[in-house]
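J.: Now for the letters of each chain:
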Amino acid sequence: ASKDGNFTFAINGRMQVGSQYNFINDVLPATGANLPNELNSGVTLRRARLGVEGTFYKIWDYKFEYDFSRGNGSVESGITDAFLRMNVTKPFSVKVGSFKEPFSLEEAASNRFLTFIERHMSVNSFVDNPNTYKTGIGANYAVPRFQFGVAFQTEPVGAWSAASTTVNAAGNNSRNNGSGDQGWEGIGRITGRPWMEDETKFLHVGISAGHTHVNTQYLANGTINVGPNQTGGGGGMAFFAFPGTNVDRTNVLNTGNLSIGNKGAPGSRRIDSYDRFGAESWLVHGPFSAQAEYLRTNINGQGYDGEHFTGYYGFLSYFLTGESKAYHVRNGAANRIKPKQNFQWNGSGWGAWEIAGGYDYINLNSGVVRGGKMDMVRFGLNWYPHTHVKIQNNITYVLNVDTSGSPIPRTAGFNNADLSSFLTQVQVDF
Amino acid sequence: ASKDGNFTFAINGRMQVGSQYNFINDVLPATGANLPNELNSGVTLRRARLGVEGTFYKIWDYKFEYDFSRGNGSVESGITDAFLRMNVTKPFSVKVGSFKEPFSLEEAASNRFLTFIERHMSVNSFVDNPNTYKTGIGANYAVPRFQFGVAFQTEPVGAWSAASTTVNAAGNNSRNNGSGDQGWEGIGRITGRPWMEDETKFLHVGISAGHTHVNTQYLANGTINVGPNQTGGGGGMAFFAFPGTNVDRTNVLNTGNLSIGNKGAPGSRRIDSYDRFGAESWLVHGPFSAQAEYLRTNINGQGYDGEHFTGYYGFLSYFLTGESKAYHVRNGAANRIKPKQNFQWNGSGWGAWEIAGGYDYINLNSGVVRGGKMDMVRFGLNWYPHTHVKIQNNITYVLNVDTSGSPIPRTAGFNNADLSSFLTQVQVDF
Amino acid sequence: ASKDGNFTFAINGRMQVGSQYNFINDVLPATGANLPNELNSGVTLRRARLGVEGTFYKIWDYKFEYDFSRGNGSVESGITDAFLRMNVTKPFSVKVGSFKEPFSLEEAASNRFLTFIERHMSVNSFVDNPNTYKTGIGANYAVPRFQFGVAFQTEPVGAWSAASTTVNAAGNNSRNNGSGDQGWEGIGRITGRPWMEDETKFLHVGISAGHTHVNTQYLANGTINVGPNQTGGGGGMAFFAFPGTNVDRTNVLNTGNLSIGNKGAPGSRRIDSYDRFGAESWLVHGPFSAQAEYLRTNINGQGYDGEHFTGYYGFLSYFLTGESKAYHVRNGAANRIKPKQNFQWNGSGWGAWEIAGGYDYINLNSGVVRGGKMDMVRFGLNWYPHTHVKIQNNITYVLNVDTSGSPIPRTAGFNNADLSSFLTQVQVDF
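Residue numbers (my numbering), protein chains in the order written: chain H, 1 to 430; chain W, 1 to 430; chain E, 1 to 430.
By construction, these hints were calculated from the structure, which means they are not laboratory data. As the structure is a computational prediction, the values presented were derived from the model and not from experiment. Among these hints, one or two may not hold up.
To be verified - Stretch-level coverage of chain H by chain W, calculated; a stretch enters the list once three of its residues show a Cβ under 8 angstroms from a Cβ in chain W: (1) 95 to 101; (2) 180 to 187; (3) 212 to 221; (4) 303 to 317.
What the hints assert, rightly or not - To be clear about the criterion: a stretch of chain E counts as covered by chain H if any three or more of its residues have a C-beta under 8 angstroms from a C-beta of chain H, and this derived list gives those stretches: (5) 193 to 201; (6) 369 to 380; (7) 406 to 413.
In this text, a Cβ means the ideal position worked out from N, Cα and C, and glycines have one as well.
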């Protein structure tokens, strides 16, 4: 950083080490040349990110971040943030490049500041799983009691190779060599704190909406590269969900590609666009916090008639050591917890301790689409020895899973499954 | 950096966000099980690079740079610079590792300092596309009015996996497990400024030459893994060209692999080496600049008899705000533009503004090779709000494209195509 | 770094540029649709790593390191260290994340501080090749004359995609979507310096042991995805070895997957676990050093009855310029060499010069397993111009290689081969 403040530069990063042990794991037996359906236990580097950020002449700033563990499990390798931002005024800024869609309270929060280890099912399914980091142009306005963000974004930064593409199965292939124009979206979120005594007592509310155009590319003879369970180069879009696990993020629910069948063939369908909506609320009152969201995705296209997916969740959390949830003004979402006393070996401090519990529901069955539906509960115990280390423990318990009628063998194998897992995550960020 | 200057260290990086909209896009219709031939519109992270560099005991320096966006479009993932350099005297240095070939004025310039968004067709086809960052040993001598570089280099640093190899289709696969000895080359460039009043008024001229040995590996039974349009593990070499676009860099021209057919079979060919030559000139006179290059590649091998590819380009540029093109002495090429006045919201400065226009020609048809030929014009408007941000706009217009006789369906689909695109690029570097 | 020392941060890295020329290369001729068996000459970026490390509140530290050149040759792309460590007392620490297994003297040494360019065959085959960086929890205790490390670790951090997996062929595929629970291991190493006059005169001895559980996953119908020479998603484990080369690290010896054949079929086998043992000794006496290790791996599982692989090596080294080998207390292994006088162009110093020679043996034939056996000698000349640059030259000469009876064509092609190579490596680290 220069002395006049015209040039600043910083490096940041995060590591999350996760483990999963499945103590209830009753699924349908696999048949034929299929692998068993049971969820698997194990350990993973959930995220390992490094980034740089800096400022030129106080008003231009930039950020680049890379996640080195993407692609190891079931999310993609790759770039997250990569943008140039111009701060027109103190609250108002415009950015160009790759950045997160402005959508949903839980998605807007950094994964470093989540209450549970994984995001809730509908947030993952509708926003995070299809790679929420998309390339385009966005504008933000943020003051302590009000925030909005709008963006025009295109398909997410794709994987390095088709071989490592396992998320957004049908949507993020490389877009050249005749694969069609990129999909694009207009999206926005507006939030505020209508009641606010101080930073430890407030009510946050907000709404999000987005319209996404999807590209489906047929071959010259009218056929398409994608089947119900395939990830070919023909575009389209799929939605899937997993039950809050962190190491084995198998898609228990799966719509399959929503563009299916040769052009004009009987029973063929083609997704042309989808519309997403979200409503969010969050109450903080001292050490107590309550958060809930409702999300809905409508499908538009040939062979569809009002199909829509829905999900919602709610949870309560409480700091045994008296801290409060913290607020990130620019994001309108959760922020870093600062323990009242750091942990010390001599017992003069124990860090912060937090308990949490909640309910989560998602339904990917609608009209002609049989993606399945599921609901579950989860419980958490979080330890924050100091501001930059966090150790989380979760128990997940699936209440009901209904995948009857799914044409995908792996998804069908989870019909009426009994699933419960013990998860841990150790996190350091800097 | 230590106080005695024996240890220095720095981090640098660049991000380029590009967009492409094809407003003229008339190509031949695709047939059968092929994707449409049209170019596609979209947005991409054209480059996202981070690097480190430093010095030990003043005479040893090192550099490592990685491009995180390679492989996303149609260039490879990977390492660019990765070398250790010993500065024997102030002008003379020797380096070992991965570094750019010393060849061509436009290739020698950093992509941060190009006048147009993309390099010209022959520079891309003969130098940049086959991954100009090769591993070997090189020597450089540079004083303000004279510069030369020579190198002995081997095949470029390959992709992480065969699946992400889309450039230098036949040449940069991993070289082990029986795929044959690596190819190698001797290459050099010599430039000078015979007329020079000051750093804003000078004439630069130079020549480049290189001999590259290519490895082609047959199977024990005399067959080969590569076909005219394939990227198997059998080595060989291909050249291709795209019409100045940045998001969809589809190979409109394509020679196919120049090693084709079983050993000794009728009609089989095998490239054994190729020779490249370049001549360059660049005149800077205050805000006015004129640059031109001529490149030629000769093919040697069985089944070839004097086949050669040629290309040339020329363009003019002018700074409306009075700046001059800047000169990088060590590279003998373009350098960073410093606006006379930085952009300010209050209107006290508008940064630097530059206009440019030029012509570009390439011919990959010669003797038995039907790679096609193409010429085009392009126009540019560049804004430099300050030294480290650059915003570029280009219009590309293809005059003629002739791919008649190409055995590759996608390339043949561009015969007599009408193509014109509007491109933008936002760049920040640090 | 903050002034109170509560926050520190550093960046480190290394680059190694290697070359290999095979001057004796007599192997069996390949037949049919196979590539030739000869080893290949070439140049490679052997390693290119960047890392960050730092400390919070003096007792918490973290490290993250990435090797950008993995996957280019025959080792994997990826993460090496990625852990959070808590320093409970000065000698005692606990860490969570991805870190090196505590096993073997030569493996414990950083590859920056090896005497020869490559590790010895049994260390590579049993420890380094299957990716020694595994994810789990470990504890270390180290004082100058005594050190131990124990760990509970799981399968290594896998490649980005199946396409780039070339090491631990059968063991490190992504562990989800029904591929079974991760394998795990308990492992430890204990070393000491029973005789020690000072840091230039000492005897180091130590032992290592580990038990590794291997996962093999059958399809529902009892078939398995893996064949003798395949890297399918069915798990299992293979061991292989290469003769000390650095660019073409072709697996001259190869056991093939030790889980083979359908469940219960005649001749089918399944590895359930393996046990590794190591004994090490190292004498340093001024400029003279002598090092030797013995390693053994026992195979357990269905169809196995006491099969075991063994290897050992020994070498001598001598500093012509009078330096001594250096000792890393925490690792109980080799450390950075500091020349008595740095190299200077004016001849006032020549850096450090070291010569070395040794013998290396490995046997992967045992019972039903025909992996082959090999022994070789190697000679080295190392130049250290200063502490952070090292230039190595090796000659490798294979004495005997016996791959008779191998079912793998490439491995069988090396039976009774005559192989000798000249290798170089230029290294800079910072």
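J.: Count residues of the region 369 to 380 of chain E with a Cβ under 8 angstroms from any Cβ of chain H, then say if the count reaches three.
T.: Violated - the region 369 to 380 of chain E has 0 residues with a Cβ nearer than 8 angstroms to chain H, which falls short of three.
J.: Within the assertion that chain W covers the region 95 to 101 of chain H, do at least three residues meet a Cβ-to-Cβ distance smaller than 8 angstroms?
T.: Check passed, 3 qualifying residues.
J.: Has the region 406 to 413 of chain E got at least three residues whose CB is nearer than 8 angstroms to a CB belonging to chain H?
T.: violated (count 0)
J.: At a Cβ distance under 8 angstroms, does chain W reach at least three residues of the region 303 to 317 of chain H?
T.: Violated: only 0 residues of the region 303 to 317 of chain H have a Cβ under 8 angstroms from chain W.
J.: Holds or violated: the region 193 to 201 of chain E covered by chain H, criterion of 3 or more residues with Cβ-Cβ distance under 8 angstroms?
T.: That given contact is violated, which follows from only 0 residues of the region 193 to 201 of chain E lying within Cβ reach (below 8 angstroms) of chain H.
J.: Examine the region 212 to 221 of chain H: at least three residues should have C-beta closer than 8 angstroms to a C-beta of chain W.
T.: holds (count 4)
J.: If you count the residues of the region 180 to 187 of chain H with a beta-carbon closer than 8 angstroms to a beta-carbon of chain W, do you get 3 or more?
T.: Answer holds; 3 residues pass the 8 angstroms Cβ test.
The structure fails to meet hints 4, 5, 6 and 7 from the earlier list, while all remaining hints are met.
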